[in-house]
Amino acid sequence: MKINFKLNEKNISVDAPPMKRLLDVLREDLGLTGSKEGCGEGECGACSIMLDKQLVNSCLVPIAQCEGASILTIEGLGTEENLHPIQQAFLECGGAQCGICTPGMVMASFDLLKKNSNPTVSQIQTGLAGNLCRCTGYVKIIDSVTKAAETFK
Amino acid sequence: MRGLTPDYEMKTPKNIKEALQILSTNSGEWQLFAGGTDLMVSYEAGKLTHKKFLNINALHELKGFVVNDQEILIGGGCTFTQIKNHPIIQQEFPLLVNSAEATGAIAIQNRATIGGNIANMSPAADTPPVLIAYNADLILLSSKGYRIVNYTQFHKGYKRADLRADEIIMAIKIHRHQGISHSYYRKVGTRAAQSISKVCLAGVACVFRGQNIEWIQIGLGSVAPIPMQAIQTEHFLNEKDLTHENIQQARNILMDEIHPIDDIRSEAKYRKTVAGNLLTEFLESLKK
Ligand SMILES: Cc1cc2nc3c(=O)[nH]c(=O)nc-3n(C[C@@H](O)[C@@H](O)[C@H](O)COP(=O)(O)OP(=O)(O)OC[C@H]3O[C@@H](n4cnc5c(N)ncnc54)[C@H](O)[C@@H]3O)c2cc1C
Ligand code: FES
Ligand code: FES
Numbered sequence: 006m007k008i009n010f011k012l013n014e015k016n017i018s019v020d021a022p023p024m025k026r027l028l029d030v031l032r033e034d035l036g037l038t039g040s041k042e043g044c045g046e047g048e049c050g051a052c053s054i055m056l057d058k059q060l061v062n063s064c065l066v067p068i069a070q071c072e073g074a075s076i077l078t079i080e081g082l083g084t085e086e087n088l089h090p091i092q093q094a095f096l097e098c099g100g101a102q103c104g105i106c107t108p109g110m111v112m113a114s115f116d117l118l119k120k121n122s123n124p125t126v127s128q129i130q131t132g133l134a135g136n137l138c139r140c141t142g143y144v145k146i147i148d149s150v151t152k153a154a155e156t157f158k
Numbered sequence: 322m323r324g325l326t327p328d329y330e331m332k333t334p335k336n337i338k339e340a341l342q343i344l345s346t347n348s349g350e351w352q353l354f355a356g357g358t359d360l361m362v363s364y365e366a367g368k369l370t371h372k373k374f375l376n377i378n379a380l381h382e383l384k385g386f387v388v389n390d391q392e393i394l395i396g397g398g399c400t401f402t403q404i405k406n407h408p409i410i411q412q413e414f415p416l417l418v419n420s421a422e423a424t425g426a427i428a429i430q431n432r433a434t435i436g437g438n439i440a441n442m443s444p445a446a447d448t449p450p451v452l453i454a455y456n457a458d459l460i461l462l463s464s465k466g467y468r469i470v471n472y473t474q475f476h477k478g479y480k481r482a483d484l485r486a487d488e489i490i491m492a493i494k495i496h497r498h499q500g501i502s503h504s505y506y507r508k509v510g511t512r513a514a515q516s517i518s519k520v521c522l523a524g525v526a527c528v529f530r531g532q533n534i535e536w537i538q539i540g541l542g543s544v545a546p547i548p549m550q551a552i553q554t555e556h557f558l559n560e561k562d563l564t565h566e567n568i569q570q571a572r573n574i575l576m577d578e579i580h581p582i583d584d585i586r587s588e589a590k591y592r593k594t595v596a597g598n599l600l601t602e603f604l605e606s607l608k609k
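Those sequence lines, one after another, are chains U and E.
Numbered as in this note's numbering, the first sequence ends at 158 without a single skipped number.
Numbered as in this note's numbering, the second sequence ends at 609 without a single skipped number.
Everything labelled a hint here was simulated from the structure, so no lab data went into it.
Any given hint could be a false lead.
As the list claims (entries may be wrong) - Covered, in the sense of this in silico footprint (three residues per stretch, anywhere, with C-beta under 8 Å from a C-beta of chain U), are these stretches of chain E:
id, region
1, 334 to 346
2, 360 to 369
3, 413 to 427
Claimed, not checked - Here are the simulated DSBU-like pairs of lysine-lysine, each with C-alpha atoms no more than 35 Å apart in a straight line:
id, chain 1, residue 1, chain 2, residue 2
4, E, Lys519, U, Lys120
5, U, Lys7, E, Lys338
6, E, Lys384, U, Lys58
Each residue gets a CB set at the ideal place from its N, CA and C atoms; glycine is no exception.
Sequences and hints are given; from them, build the entire structure.
Here's what the structure looks like:
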């Protein structure tokens, strides 16, 4: 089945079975391996992306539901040469260790800061509640988001 | 393990009419697919029961809210994010905001629909107790027309309900002027976000001078094979004073009335105690 959508500002078309998960299309068909698979069942947030300006878990989205959609992944947010301010903040505050959760954390932070440019710690916790990290203990992640918020203001 | 991806079909109807047409000849081979937050988890676990899915997620007929003087209609395809952000719901139906916020984290709330939450028929879902408390009606649509089912009569047994394979949950209807003076919602789970409820209680009441209960309606999750209305407890409490003895007796009636499905005895007993505690907390709050 042919599916047309916008990915990181570019119009693209993929040929995939309708129930193929968006996460697998991104990683396998399109070579965008920034989005990670942690759990495959909506619990960990490692696969978080923006679908039509809303944060979603790409492991729970069948590709057929992306027809005509606009998708933003971590690759569209920043590049190695030109980091997004949130990525820069994670780098500076030690918000990433092994890095598996980081793309999802950055996307969830992006979604949060878009809606609320000056979040409290508790609002950051709610915004990132769907994202699990096994390394950092979260304190440095919260610091990173607080720091990123300063550049958003 | 997930089945082979190419084995599954998904069709996106142009409008609700086309969806109903496909369903009218449905002898069970097509399954509705909305936000996919339940179905994709089953898919991953290799537990899907169907191979053909009808994608109703983009049908705008299922998406909006209709508000008139008497009632609010919530489209079956509305997500919990849309529900918790709706101004009338925020003002008049705060328990729906509470349950929407308790449903997974933000990325789940952005996809999970209220129609899917109901149709999934989980006894542990967080919004059904609220729909019981608010005495909601379901508007069910098929190619033959629509029918209205009171939500307290919808569930018939574990994963069984008054819903045919050719029907879509079109909307949820709630009356706006019920004369509610107090409302209460609490979900007891393990992890704050994403946790399956251990026990959830939603209640509304009309209380006269912090003393006498004129009427009360209570819904519970995870205490029976279906989302459950505490009918005997309500019956006892209607037109009663909020005395210590009455609260105590209501708690005993509730703990007798509910039937947690858990086989492990201590687990069932624990759920009963938690439900009793939540009821006591709710009833105490009515004095204020
Ligand atoms: C990580 C995670 C955490 C969660 N946490 C919670 C929680 O805390 N509390 C809670 O209550 N739930 C929770 N859920 C489940 C919740 O997301 C679902 O129950 C959701 O509301 C189902 O809606 P959906 O649109 O995603 O349904 P789908 O998965 O698309 O469908 C579910 C079922 O409903 C049927 N269906 C869908 N729409 C309709 C309709 N309009 N008419 C008739 N039938 C229909 C489908 O055929 C299917 O049988 C969680 C899920 C995940 C993955
Ligand atoms: S991989 Fe999608 S939420 Fe864990
Ligand atoms: S940095 Fe390793 S899981 Fe978060």
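**Message:** Tell me the numbers of any earlier hints that the structure contravenes, in ascending order.
**Reply:** 1
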